[in-house]
Amino acid sequence: MSTQDKVTINKLPTGVPGLDEIVGGGLPEFSFNIIAGAPGSGKTTLAHQIVFANASPERPALYFTVLGESAIKMLRYQQQYTFFDPAKLSGSIRFINLSQVVLEKDLGAVLEEITKEVEKANPAVVVVDSFRTMVLKPQSDMDLQSFIQRLALFLASWQATTFLIGEYAEEELRDNPIFTVADGLFWLRQTAERNSIVRKLQIVKLRGQDSVPGLHTFRITDAGVQAFSRTFGLTARKRKPPCDRRLSFGVPELDKMLDGGVREGDSVLIAGSSGTGKSVLATQFIAEGIRQGEPGIVAVFEERPEAYTERATSLGLDLETPQKDGKLTILYLRPLDLSVDETMQSILDAVQKIGAKRLVIDSLAGFEMALSPGFRADFRESLYRMIFALTGIGVTILSTVEVDESFTEFPFSTYSISFLCDDILRLRYVSIDGQLRKIMVVIKMRGGNHAKDIREYEITSKGVVILGKRLTDYQGLISGVPMHSNRSDQRNEPSQ
Amino acid sequence: MTAPPEIRDLARRLLVYEAAVDKTSETVESVTLRVYEKLRQSLGVFAGVACFQSLAFRALTQAKSEAPDLWAARVAEDGSLQGLGEFEPQADMVKDNAGEYPAGEGGIALIARLLNLLFVFLGEALTLSLLRNAWPGATFDDRSSENRRKS
Chain X
1 MSTQDKVTIN
11 KLPTGVPGLD
21 EIVGGGLPEF
31 SFNIIAGAPG
41 SGKTTLAHQI
51 VFANASPERP
61 ALYFTVLGES
71 AIKMLRYQQQ
81 YTFFDPAKLS
91 GSIRFINLSQ
101 VVLEKDLGAV
111 LEEITKEVEK
121 ANPAVVVVDS
131 FRTMVLKPQS
141 DMDLQSFIQR
151 LALFLASWQA
161 TTFLIGEYAE
171 EELRDNPIFT
181 VADGLFWLRQ
191 TAERNSIVRK
201 LQIVKLRGQD
211 SVPGLHTFRI
221 TDAGVQAFSR
231 TFGLTARKRK
241 PPCDRRLSFG
251 VPELDKMLDG
261 GVREGDSVLI
271 AGSSGTGKSV
281 LATQFIAEGI
291 RQGEPGIVAV
301 FEERPEAYTE
311 RATSLGLDLE
321 TPQKDGKLTI
331 LYLRPLDLSV
341 DETMQSILDA
351 VQKIGAKRLV
361 IDSLAGFEMA
371 LSPGFRADFR
381 ESLYRMIFAL
391 TGIGVTILST
401 VEVDESFTEF
411 PFSTYSISFL
421 CDDILRLRYV
431 SIDGQLRKIM
441 VVIKMRGGNH
451 AKDIREYEIT
461 SKGVVILGKR
471 LTDYQGLISG
481 VPMHSNRSDQ
491 RNEPSQ
Chain P
497 MTAPPEIRDL
507 ARRLLVYEAA
517 VDKTSETVES
527 VTLRVYEKLR
537 QSLGVFAGVA
547 CFQSLAFRAL
557 TQAKSEAPDL
567 WAARVAEDGS
577 LQGLGEFEPQ
587 ADMVKDNAGE
597 YPAGEGGIAL
607 IARLLNLLFV
617 FLGEALTLSL
627 LRNAWPGATF
637 DDRSSENRRK
647 S
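Taken in sequence, the protein lines are chains X and P. With my numbering, letter number 61 in the first sequence gets 61, and the count goes up by one each step, no holes. Add 496 to a position in the second sequence, counting from 1, and you land on the number used in my numbering.
Keep in mind that a hint or two might mislead.
Listed next, the in silico DSS-like pairs over lysine-lysine satisfying Cα-Cα at most 27 angstroms (straight line) [as the list claims (entries may be wrong)]:
(1) 105(X) with 534(P)
(2) 116(X) with 534(P)
(3) 534(P) with 120(X)
Hints in this document: simulated from the structure, not taken from any laboratory. In this text the structure is predicted, and so the values were computed from the model without any measurement.
Take the sequences, apply the hints, and build the full model.
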C-alpha cells in the first residue's frame, strides 16, 4: 500500500502546552481513550482542557458526569483555570449528569442515555467522568467489557473522540480488559518526594501514533495542565550537521589554545573552584557572541540578572544594550520546586524566542540546587537530553561547574558529567613562589587539536587575560603545589 | 437577610419574562412554578437531580424565612416543588397584568434564593449561561453591566 492509499488520521489539539508533542502531534481523531490515575492526579483538568480546545458550536463536546464529583463543584473549581472559557458553555460544551441513571438503572440504560445525547448533539468530543464509579456498580445486567466495547464502537461510528476518566492504581494496568479496548491510555501519577510533589504523565498506549515514550513531568498551574516532553519538543527538528565553524571566546590566547575557538554546536564545560573566573569567562563568551551578531541566553542561578549585568559592565562588557535589543536574555531561575524539565523548558523557550546561538548555564551546581529534591535524581539524565537537543540544532552551550579544590586530585567536575561535554576547560589555583596563582588547561576537545599547554592567567578589569607562554619551569602544576624544575633556581628566585 | 437586590431583580425579570411568554397558554401552573421547573430541568441535566434537589431545598428554607406564605411549599425527592399552588396566583389570573406582578413575594424570594446559590457556586458567567439555555429568547445582562446602566 502506498503512502497515498493510507487513511489519514487527523490530530486534535490537546490544549495542553507540551502534550501535543508528547502524543505525536495531537490526539488521534475518533480514538477511544482512557485517562487514568489516582484521585488528585489531574485527570479532570486534563479532560477539561481537551474539551475547551476542541468544542465548537458545530461540533460540540459532551461532558458526562457520573457519581463522584458533583458537577457544580467541579465547574466551580475548573472555572478558575484560564483555559475555561464561559462563552463555550452556551452551545459548544454541554455537561450532562448521569448519576440518576447510574443509581437507578444499569449499564444498558447508561449506554442508552449516552447514545441519545450523542445522537442529539453530534459531538466531536465525549468525556465520561468518572466511568469507574459506574463500573463499580454491582448487579449490572451488562458486563463491563461489553459495555465498553459497545460504547467505543458507537462513539467511533459517530465520529467522536472519546475520553473515559477513571481512578486506577498502577497494579490494575495489567490484565484489565478495558485497557485492551482503548486506543489510547494516558496515565497520570502524583508522588510525594521529600517535601515536593512530583507529577508525571505517561502515554502507556496510543494506537497509530508515534508518541514520545517514558515519563514526562507535568505541572498544574492557573493555566491548567502543562506538560514537559522528555525530548523538549525538539524531536521534529532536524539535527544540524556537524560544523567546523569556530566561535571565539573573546580571549585571543584562549581561542588559540582551542585551535581557533569552540566548535559551533559543542557543549563546553568550564570547571574550577570558587573565584577562578568561570563566570567571567562565560560572560566574555556570551559578550563576544553578541559582538559577532549571535544572540545569547544566560541562565543564572546564583545571582540576579542585574548583578550579572553590573559585573559584566565592570569588565567593560555591555550586556544591558543587547538585553534591550532582544539579543540577550538573562534568565534568573531559582524555582526551588520546579522539575528539571520545567526549568529546561524555560531555557529552551528563551533560546527559541530570540534564536540564540550561544547558551551559558552558570552554574550547574546552582541549577541542581534550584530543583526540588525529588527531581535531582533526574538531573544528569535531563541535562544530557537538553544538551543533546540543543546542540543538535546548532546551539553552543557553555556550562560552568564548581569543583572542590584539592591539592592531591584534579577532578573535572563533581557531577560526573564530563561525558556530556565536547570540550572541557579546567581552571585551578596553584601555589607558586609563595603566591596563589591561577592556571588553565584544555582537558578535552572533541575532534579538535587543542593545545596541551598549561597557561597562567589573571582576572583583570578586562576579564580573563592569559599571561606569557606556557609554564615550563614547574612540574606537578595540576596538583596545585608544583615543584620548580630547577630546585636551585627555586631557592634563589625572588618572590614576585 | 434577603438575596442581593440585583439577584432579586433578575428573579423578578425571569418571572415577568416567563409570564409574558406563556401569556396565551392555557396552563394553570403558577409563573413561579414554571420558572422553577425550567431551572430544575436545566440544572438537573447539567448537575443531576440530587444536586438540584439539595440546592432547591436550601433555597426554599432561606426563602421561607423572608416569605412566610411559602410555609406549605416543599421540595420533593426528584427536585420538584410541591405545595406552591396554595398561595401562588395562577397564570390565568395574572394574564392581564402579567408584566407587572406575575408572582407573589414568596415566588420572587424562592427564585432569587435559588439564583443566588447558583451565583455563589458557579459564578455569574456560568449561571447566566445556564439561564440562556433555559430561556433561549431572553436577554440577560450581567450584573455589572446592569449596575453600569443604572449608574
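Okay, the hints, checked on the actual structure:
Taken as a hint, the residue 105(X) and residue 534(P) pair is honoured in the structure, with Cα atoms around 25 angstroms apart against an allowance of 27 angstroms. A distance of roughly 21 angstroms separates the Cα atoms of residue 116(X) and residue 534(P); the hinted pair therefore holds under the 27 angstroms criterion. For the hint pairing residue 534(P) with residue 120(X), the CA-to-CA distance comes to about 20 angstroms; that is within 27 angstroms, so the pair holds.
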